[in-house]
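Participant: Sequence:
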Amino acid sequence: MTETDTTELLTGLFEQVARRLHSNGYAAHLFPAQWSALRYIHHADADKRTAIDLARHQGLASGAVARTVRTLIEKGLVTKMGTIGRGRAERLELTEEGHQLLKLDPLRSIRKAMEELSTYERSVLAKGLETAIDATRLPNGRA
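For the sequence shown, the UniProt record's numbering gives the first residue as 1, with consecutive numbering after it.
Keep in mind the hints are simulated off the structure, nothing from the lab.
All figures in this text were calculated on a predicted structure; none of them were measured in a lab.
Do not rely on the hints blindly, as some may be mistaken.
Derived lysine-lysine pairs resembling DSS-like cross-links, with alpha carbons at most 30 Å apart [what the hints assert, rightly or not]:
1) Lys-127 to Lys-103
2) Lys-127 to Lys-80
3) Lys-127 to Lys-112
Taking the hints into account, I'd like the entire structure generated from these sequences.
Facilitator: Here you go:
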């Protein structure tokens, strides 16, 4: 197998993983950005659980993230808990339904599979994924 063949194979495998994650995630009627927002709100420190901090974390425009948050609120997965500090930023929290849905997170199966890899295999995979992520960045540095 040539280097080009290997690269083609890896690219195809990466696409398969991306498609399956998207498909599995949409089985719960959520798009990838919505899953990412749920994960962020779940893991972020309480004072960082705002739409603007989520936008910074995702490297996205605040308008797009505001729509994502609004949709998650409409679905009953996220709620606003009042403003933080002196600003207008509202703290976001997962609802009980949001916590329950995270138990079906499509990344859980990936995480479990990664646990089967050796430390060396994980580091090589991480390097490859970082390279792929860097290749998808827009020229202005945005996601």
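Participant: For every hint, state whether the structure bears it out.
Facilitator: Evaluation of the provided hints:
{"no.": "1", "hint": "Lys-127 to Lys-103", "verdict": "28 Å, holds"}
{"no.": "2", "hint": "Lys-127 to Lys-80", "verdict": "37 Å, violated"}
{"no.": "3", "hint": "Lys-127 to Lys-112", "verdict": "19 Å, holds"}
When held up to the earlier numbered hints, the structure conflicts with hint 2 and nothing else.
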